[in-house]
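K.L.:
Spelled out, the chains give:
Number of protein chains: 2
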Amino acid sequence: MRPIRFPLIDRRFLLASLATLPLLSASYRFASAQTPSDPLPSWNEGATKASILNFVARVTTQGGPEFVPVDRRIATFDNDGTLWVEQPMYVQLAFVLDRVKAMAPTHPEWKTKQPFAAVLDGDLKALAASGEKGLVELVAVTHAGMTTVEFEKITSDWLASTRDHRFKRPYTELVYQPMLELLTYLRASGFKTFITSGGGIEFMRPWTERIYGIPPEQVVGSSIKTRFEMRDGTPVLFRLPQINFIDDKAGKPVGINEYIGRRPIAAFGNSDGDLEMLQWTTLGASGARFGLIVHHTDAEREYAYDRHSHFGELDVALDAAAVNKWTVVDMKKDWKRIFAFE
Amino acid sequence: MRPIRFPLIDRRFLLASLATLPLLSASYRFASAQTPSDPLPSWNEGATKASILNFVARVTTQGGPEFVPVDRRIATFDNDGTLWVEQPMYVQLAFVLDRVKAMAPTHPEWKTKQPFAAVLDGDLKALAASGEKGLVELVAVTHAGMTTVEFEKITSDWLASTRDHRFKRPYTELVYQPMLELLTYLRASGFKTFITSGGGIEFMRPWTERIYGIPPEQVVGSSIKTRFEMRDGTPVLFRLPQINFIDDKAGKPVGINEYIGRRPIAAFGNSDGDLEMLQWTTLGASGARFGLIVHHTDAEREYAYDRHSHFGELDVALDAAAVNKWTVVDMKKDWKRIFAFE
Numbered sequence: 524m525r526p527i528r529f530p531l532i533d534r535r536f537l538l539a540s541l542a543t544l545p546l547l548s549a550s551y552r553f554a555s556a557q558t559p560s561d562p563l564p565s566w567n568e569g570a571t572k573a574s575i576l577n578f579v580a581r582v583t584t585q586g587g588p589e590f591v592p593v594d595r596r597i598a599t600f601d602n603d604g605t606l607w608v609e610q611p612m613y614v615q616l617a618f619v620l621d622r623v624k625a626m627a628p629t630h631p632e633w634k635t636k637q638p639f640a641a642v643l644d645g646d647l648k649a650l651a652a653s654g655e656k657g658l659v660e661l662v663a664v665t666h667a668g669m670t671t672v673e674f675e676k677i678t679s680d681w682l683a684s685t686r687d688h689r690f691k692r693p694y695t696e697l698v699y700q701p702m703l704e705l706l707t708y709l710r711a712s713g714f715k716t717f718i719t720s721g722g723g724i725e726f727m728r729p730w731t732e733r734i735y736g737i738p739p740e741q742v743v744g745s746s747i748k749t750r751f752e753m754r755d756g757t758p759v760l761f762r763l764p765q766i767n768f769i770d771d772k773a774g775k776p777v778g779i780n781e782y783i784g785r786r787p788i789a790a791f792g793n794s795d796g797d798l799e800m801l802q803w804t805t806l807g808a809s810g811a812r813f814g815l816i817v818h819h820t821d822a823e824r825e826y827a828y829d830r831h832s833h834f835g836e837l838d839v840a841l842d843a844a845a846v847n848k849w850t851v852v853d854m855k856k857d858w859k860r861i862f863a864f865e
Numbered sequence: 524m525r526p527i528r529f530p531l532i533d534r535r536f537l538l539a540s541l542a543t544l545p546l547l548s549a550s551y552r553f554a555s556a557q558t559p560s561d562p563l564p565s566w567n568e569g570a571t572k573a574s575i576l577n578f579v580a581r582v583t584t585q586g587g588p589e590f591v592p593v594d595r596r597i598a599t600f601d602n603d604g605t606l607w608v609e610q611p612m613y614v615q616l617a618f619v620l621d622r623v624k625a626m627a628p629t630h631p632e633w634k635t636k637q638p639f640a641a642v643l644d645g646d647l648k649a650l651a652a653s654g655e656k657g658l659v660e661l662v663a664v665t666h667a668g669m670t671t672v673e674f675e676k677i678t679s680d681w682l683a684s685t686r687d688h689r690f691k692r693p694y695t696e697l698v699y700q701p702m703l704e705l706l707t708y709l710r711a712s713g714f715k716t717f718i719t720s721g722g723g724i725e726f727m728r729p730w731t732e733r734i735y736g737i738p739p740e741q742v743v744g745s746s747i748k749t750r751f752e753m754r755d756g757t758p759v760l761f762r763l764p765q766i767n768f769i770d771d772k773a774g775k776p777v778g779i780n781e782y783i784g785r786r787p788i789a790a791f792g793n794s795d796g797d798l799e800m801l802q803w804t805t806l807g808a809s810g811a812r813f814g815l816i817v818h819h820t821d822a823e824r825e826y827a828y829d830r831h832s833h834f835g836e837l838d839v840a841l842d843a844a845a846v847n848k849w850t851v852v853d854m855k856k857d858w859k860r861i862f863a864f865e
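Residue numbers (our numbering), protein chains in the order written: chain L, 524 to 865; chain H, 524 to 865.
So here's chain L without its partners, still in its complex pose:
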């Protein structure tokens, strides 16, 4: 029996904002310094690694039948569970819960008001019972009601001071070394790499460049609405408690079209939230295409979960991977190393 049952749709409501001083760029630099002989040293030899190298060779071989010009080499990456850890809960949800606690002293009414009381009491069952409506309320008070600059400061301070309970590390160190190498390898092969995450766009942007080498303008994610205001001659963008865009499931191809405006030739995900992005990238289009799913199979070094997980559920997309010949990474078998700090 599971003690916590977050509604599976909760991902749709984990919106976001500006955030976080980057804490670790060492792992990225490390990846950049690999010898050209093996661009993916943290990947074990085998069919998975070979499928990546083979795809990149095909699309980059000038004069070859599947050559793709540089400006069409677009690759999109999910974030939670694909580039960094999403267990025991999405990092952004951990932020929401911590933020409610931090704000509680100025909101005495929360002690008896749900879903706030559930958060303050650590009663995750009651929190889950508050459902989508509760989650939207939590996002509204923690993500809206301030300027974009203020929100960036709040999330930056939180990410700089918070440690994951299991690994005792900042969340920005819980990024997958093999995926960092893959990002670097693709860019070295002329790809433009994008993040297409269900997570909040402004929660990711302040640190993605240093951690992943992906600049803010190449980050697509969920968002709330903002309003432009002149305050005593100074322009600000004020964050409103209204959903603007949910970059998950069928929203991912929509977001790719809206923010990037080109169809990717390679997409990387780990959950059912990435199914439509993988379909949009690989099906019904001419030329070489590549889809990859990170399957979390290593409970010892990281986590093992798929069809029945509260976060990062991988069920329909796992079946679709077999049908559509998407590469499925078996983390335990395919990854020599998971984190840079190992």
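FYI, nobody ran anything at the bench for these hints, they're computed from the structure.
Fair warning: there could be bad hints in the mix.
Claimed, not checked - Cβ-Cβ distance ranges computed for the label pairs, FRET-style: (1) H:Ala683 / L:Asp755: 44 to 52 Å; (2) H:His831 / L:Asn767: 53 to 61 Å; (3) L:Glu673 / H:Pro588: 23 to 31 Å; (4) L:Phe761 / H:Ala625: 41 to 49 Å; (5) H:Ser809 / L:Phe761: 16 to 24 Å; (6) L:Gly645 / H:Asp842: 30 to 38 Å; (7) L:Asn847 / H:Val593: 33 to 41 Å; (8) H:Asp842 / L:Gln765: 31 to 39 Å; (9) L:Asp842 / H:Asp646: 54 to 62 Å; (10) L:Asn847 / H:Thr584: 51 to 59 Å.
Glycine residues also receive a C-beta, built at the ideal position from the N, C-alpha and C atoms.
Starting from the structure of chain L, add chain H where the hints point.
P.N.:
Below, chain H without anything else, positioned relative to chain L:
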């Protein structure tokens, strides 16, 4: 007395989509081939040109007090009236009117139904009388109800076959040569150049790279909503008759924040629709900032209009330019040449 009075807010409803085979890249290549001694040969010497050169020198001088690292050199450009002609009406509005005529044979009911009858009869007064509601109806039938791929084909065919009445040229040749040189100069100086237009994002993206050197993922604009669908195993994005985002006036800083995620250090516009973008770029921020407004003052070579124009009204922003020390281009005086074909 003006024969046509489009509601000034109509711009808010000229949404968009995928469009247009690029027709002319010669002018862009021409600009790229300038000698380094004068990166802006189509600009006459004077305070305007000097202000541009001076700003770029200040932010690119390593070790200088106003040096800006390359990754922060973000420049945003309005499109209609700033990079290409917007008179006697927005190009996209010309597309809407032509498209209604092309679709009319399969819509016999339009002969007696407004606002369609007004378009078919060329009765622009009746069209204007239909107001925003009429314009939204026209955009809905011309911009929605097809896939993104189909819409790109429609607009591409239209742009390839349509000529401007006055200049007898494809619209993609009616781009300002001095601005093409400016785009090239900024990129050569380490800037990343973006379009931030009130026009439709998918109306611009198919040709901006060849004409302006700006790739699709660096184009921000207005949009309608799309829906992802699997049709017989093939993924499509279907265009819906619902407004998604209006990238005009106070929407421009919102769009810049959402799509780019960084604050520009230079912004270029020509109308009141660009006021908030110029404020967001230049006010209340530390470091060197640059704002520029193209003032259309040359009725002989192009058009002369400002405070009372139906399209590209420049009134409040012109007053703000004086207060905020934004550079105002006097087209007649400052531009040696307006079009590449002159």
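K.L.:
Where does the structure disagree with the numbered hints, that is, which hint numbers, in rising order?
P.N.:
Going through the list in order, the structure violates hints 2, 6 and respects the others.
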